[in-house]
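Listed below, chain by chain, are the residues.
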Amino acid sequence: MNKNVDEYPVIWLQGAGCTGCSVSVLNSVSPTIKNVLIDEVIPGKHVNLRFHPTIMAGAGELAIEVLRDTQEHRKGEYILIVEGAVPTAEDGVYAVVGEEDGKPVTLLSRVLSLGANAMAIIALGTCAAFGGIPSGSPNPTGCRGVMDTFETHNISTPVINIPGCPPHPDWFVGTVASILIGGLPEPEELDEFDRPKLFFGSLIHENCPRRAYYDERKFAKKLGEPGCLYDLGCKGSVTYADCPLRLWNGGVNWCIGNNSPCIGCCEPGFPDVVSPFYAKMEEYLPQGGEK
Amino acid sequence: MGQIIIDPLTRIEGHLKIEAMVEDGVVKEARSTGTLFRGFEIILRGRDPRDAQRITQRICGVCPTSHSTAAALNLDSAFGIAAKIPGNGRILRNLILGAAHIADHILHFYHLSALDYVDIGALGKYEGKDPTLNSVKDFITRGELGPFITRYNDDFRLSQEANVELAARYLKAFEMRRKAQEAAAIFGGKLPHNIGIVPGGVTAIATVDKIASFLWRLNELRDFIDNVYLPDVIKVAKAYPDYLEIGAGCKRTLSYGVYELETTEADLVRRKRLFKNGLVSESLELEPLDISKIREEVRNSWYAEECAGKPTEGKTIPTPHKEGAYSWIKSPRSDGRVCEVGSLARVLATYVGGDPRMRELVDGALKEIGVSAKALFSTLGRHLARALGAKFIADSMPAWLLELKPGEPAYIDYEVPEESEGMGITEAARGALGHWIKIKDRKIALYQCVVPTTWNASPRDDHEQPGPIEQALAGIKIKDEKNPVEIGRIVRSFDPCLACAVHLLSPKGTEIGRVQVC
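Residue numbers (the working numbering), protein chains in the order written: chain A, 7 to 297; chain B, 19 to 536.
One chain only, chain A, in its complex shape (with noise of 0.2 Å):
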């Protein structure tokens, strides 16, 4: 084989989540996870996962290397992923991914070092956009988000959100793919929060099955009834997603189409600002702060 393919070098470190970015990735249908991986996505480009803290088949000191590898030798080429947040409090003992030296390096330092040679950040899912649910009020660990971390630390480089608690398989792979047929996003393409407009353009309310009962004012007053779920606690109004016109897990069903009200999982500020999931939205205060 001498096929000239287009090694695109990838990083994906994981902080503070829960994994569960990584387990909706796999959930991509077309293309499948083995696509995204092993065959070019785009004919000619290979997405080169070099590092994934819980794929890494060989040693530690080997996997290290890699990091090394990528962040001097790869200065400027490479795509950063971050999954979950990142812990700010105590200089960032609450997460330590890996040890250089016999010593433990936190998380916080890695996107920090990282961050600032890659040519560009995906951070994926809310807690590594935004905080989400690890940063939760009271926020015992100081979790923040990448862009958030960036700022205080001067760090320039692009920064792309894709939230989501989880995020879409889609608006992972769409993002990607995008980034390998035409570079980095345009500042028109993305929202006031960074976000691809593509995928977070309208609200769930615009693009909601149930519209037509909000605007006939029927509203369920009960889970499980037919009506719009505003009453409920749907979160759907404030919340920038194309979920029900992609749907989840292959088109077989999404939340407000299961009956449950939208929870917001897209939004900065979840789980605070969104929260109680279940409360009218004009009838609380959001937890910790303002409305």
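Some clues are possibly wrong.
[Said to hold, decoys possible] Think about it this way: if two alpha-carbon atoms lie no more than 30 Å apart in a straight line, the pair counts; the simulated BS3-like pairs of lysine-lysine are:
| hint | chain 1 | residue 1 | chain 2 | residue 2 |
| --- | --- | --- | --- | --- |
| 1 | B | K155 | A | K40 |
| 2 | A | K109 | B | K102 |
| 3 | A | K51 | B | K155 |
| 4 | B | K385 | B | K461 |
| 5 | B | K228 | A | K228 |
| 6 | A | K227 | B | K147 |
| 7 | B | K228 | B | K190 |
| 8 | B | K423 | A | K224 |
| 9 | B | K190 | B | K311 |
| 10 | B | K458 | A | K51 |
| 11 | A | K286 | B | K269 |
| 12 | A | K40 | B | K147 |
| 13 | B | K461 | B | K328 |
| 14 | B | K311 | B | K102 |
| 15 | B | K311 | A | K227 |
| 16 | A | K51 | B | K143 |
| 17 | A | K228 | B | K392 |
| 18 | B | K461 | B | K253 |
| 19 | A | K227 | B | K500 |
| 20 | B | K46 | B | K385 |
| 21 | B | K458 | A | K228 |
| 22 | A | K228 | B | K461 |
| 23 | B | K385 | A | K228 |
| 24 | A | K227 | B | K190 |
| 25 | B | K102 | A | K286 |
| 26 | B | K155 | A | K286 |
| 27 | A | K40 | B | K143 |
| 28 | B | K256 | B | K102 |
| 29 | A | K40 | B | K253 |
| 30 | B | K102 | B | K190 |
| 31 | B | K290 | B | K147 |
| 32 | A | K109 | B | K500 |
| 33 | B | K269 | B | K256 |
| 34 | B | K458 | A | K40 |
| 35 | A | K224 | B | K228 |
[What the hints assert, rightly or not] Just some of the chain B residues that point at chain A, by a computed CB distance under 10 Å:
| hint | residue |
| --- | --- |
| 36 | I61 |
| 37 | L62 |
| 38 | C78 |
| 39 | V154 |
| 40 | E200 |
Bear in mind the hints are in silico, worked out from the structure with no lab data behind them.
Even glycine gets a Cβ: it sits at the ideal position worked out from N, Cα and C.
Dock chain B against the given chain A, drawing on the hints supplied.
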């Protein structure tokens, strides 16, 4: 040159470090360290109790469905509706959880563990015509292997043909675990982090189209379990018989039981479940489960001493600089005794408890391999118990689907009480899972979770008894200290919900090698 490993998947969830002291090639002592702390119990305090079900799922993206089940059971009991869940709600919960467990079992064997036994590098020498296998061969030939860097392992024992066959199944297993998650999403809304399981039942309405759609994904999964997964585990067990002996650990298992078979019994310990609860020791006797005897100890954990106690009394006060402590994991013990949790515990409780279908299943597999039931207490015994557990649940589900009453509600409404307490015990694929709540002023006053990996990867307790993984590693012969495949195989058989780094230390504490088990 080493062999090439193709491993495009997460092989252990989270952050865990294991230190093993090795002397003359034998592990003298091992220490298991959890290195991530998020403080869920602290975040939950003061919130609307109903939100616990949404938030606790986010503890783990690999087993969120189990957390949502534990949380829903916990809230059912706190809200006083544990004996009032509609029949459809009970069944739909079982179906969502069952499909998610099947996905987890398949993932654990093929994607997290099989590469310790199967040389996928064999595909580099593949000469056949299968287009999928040839696409992997192309990938290997291109030489930019990404995370699949060469890993030295001179202990692969399957033939070239068997390696190629299992490699193909490794790829097929991706598809099967995805379909199992799709099945769960039919009634769960989406996975991971389903939205369907709630206190009061399930939000979905079972309709005939959904039932049929679920059934045919299930049929495909059952075919895979019967004709691929279980035979593959048996094939590996026959090729690596020593792993049916080593890695046993504490030889005492604990199961909470799972999959509700009745709706009217509020007490979860007495409620009839498909997998039975109880403790089983090496003598294969079943001891009743006594929740009041479960206590978490924290002497070697980075928590203040007052955090020890029953889960209902437990506090979470992190002390990251505590002298002598070495883990973010607490040490749960039952009556002061170390217990292993997992599919092995469920299968043993059900088997020793005399379930005829489970007896036939387990005895048949043991006979085929040529070992006795005691061999289940071992590294590959755990894998066998997972495959058997997957078959047991998958075979139970078609009848449940037909038991559903299409169109009927699966949810009952409730009031959040001013003050209350609750408990939700169930099983994640990787073992016993418990949630406890105290409600005051309609808010969460206390929420505690004791997760499976807390049992299995626990550090030494107040009496310096090592945890199950620590015990399973003690005494293990390491052939090559720089590549301790033995440790990886044993640790992974527990399916820890954490990423592991293994450090090999000489008795004086000098590091002689470092290997990341992941």
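Going down the list of hints, with the structure as the test:
1. K155/B x K40/A: Holds, at roughly 13 Å.
2. K109/A x K102/B: With a Cα-Cα distance of about 54 Å, the restraint between K109/A and K102/B is violated, given a limit of 30 Å.
3. K51/A x K155/B: Holds, at roughly 17 Å.
4. K385/B x K461/B: With Cα atoms ~54 Å apart, K385/B and K461/B exceed 30 Å; violated.
5. K228/B x K228/A: Roughly 22 Å separates the two Cα atoms, so the pair holds.
6. K227/A x K147/B: Given that 30 Å is the threshold and the Cα spacing comes to 59 Å, the pair is violated.
7. K228/B x K190/B: Between K228/B and K190/B the Cα gap is close to 24 Å, so the pair holds against 30 Å.
8. K423/B x K224/A: Holds - the C-alpha atoms of K224/A and K423/B are around 27 Å apart, at most 30 Å.
9. K190/B x K311/B: 44 Å, violated
10. K458/B x K51/A: Not OK: K458/B and K51/A at ~57 Å, beyond 30 Å, violated.
11. K286/A x K269/B: 51 Å, violated
12. K40/A x K147/B: With Cα atoms ~18 Å apart, K40/A and K147/B stay inside 30 Å; holds.
13. K461/B x K328/B: Between K461/B and K328/B the Cα gap is close to 21 Å, so the pair holds against 30 Å.
14. K311/B x K102/B: With a Cα-Cα distance of about 28 Å, the restraint between K311/B and K102/B holds, given a limit of 30 Å.
15. K311/B x K227/A: 42 Å, violated
16. K51/A x K143/B: 24 Å, holds
17. K228/A x K392/B: The hint is violated at about 51 Å.
18. K461/B x K253/B: 52 Å, violated
19. K227/A x K500/B: Given that 30 Å is the threshold and the Cα spacing comes to 62 Å, the pair is violated.
20. K46/B x K385/B: 34 Å, violated
21. K458/B x K228/A: 24 Å, holds
22. K228/A x K461/B: The given pair, whose Cα atoms are some 21 Å apart, holds under the 30 Å limit.
23. K385/B x K228/A: 53 Å, violated
24. K227/A x K190/B: 44 Å, violated
25. K102/B x K286/A: Since the Cα atoms of K102/B and K286/A sit roughly 26 Å apart, the hinted pair holds (cutoff 30 Å).
26. K155/B x K286/A: Given pair K155/B, K286/A is violated - Cα atoms ~55 Å apart, limit 30 Å.
27. K40/A x K143/B: Holds. K40/A to K143/B sits at ~19 Å (cutoff 30 Å).
28. K256/B x K102/B: 48 Å, violated
29. K40/A x K253/B: Given that 30 Å is the threshold and the Cα spacing comes to 25 Å, the pair holds.
30. K102/B x K190/B: This hinted pair is violated, its Cα atoms lying about 41 Å apart.
31. K290/B x K147/B: 51 Å, violated
32. K109/A x K500/B: 19 Å, holds
33. K269/B x K256/B: The given pair, whose Cα atoms are some 22 Å apart, holds under the 30 Å limit.
34. K458/B x K40/A: 49 Å, violated
35. K224/A x K228/B: Within the cut-off at roughly 26 Å; holds.
36. I61: Since chain A brings a Cβ to about 4 Å from I61/B, closer than 10 Å, the hint holds.
37. L62: For L62/B, the interface hint holds, since the closest Cβ of chain A sits about 8 Å away, which is under 10 Å.
38. C78: Hint on C78/B: holds, closest Cβ of chain A at ~5 Å, below 10 Å.
39. V154: For V154/B, the interface hint holds, since the closest Cβ of chain A sits about 6 Å away, which is under 10 Å.
40. E200: Holds, about 5 Å.
Going through the hint list in order, the structure does not satisfy hints 2, 4, 6, 9, 10, 11, 15, 17, 18, 19, 20, 23, 24, 26, 28, 30, 31 and 34.
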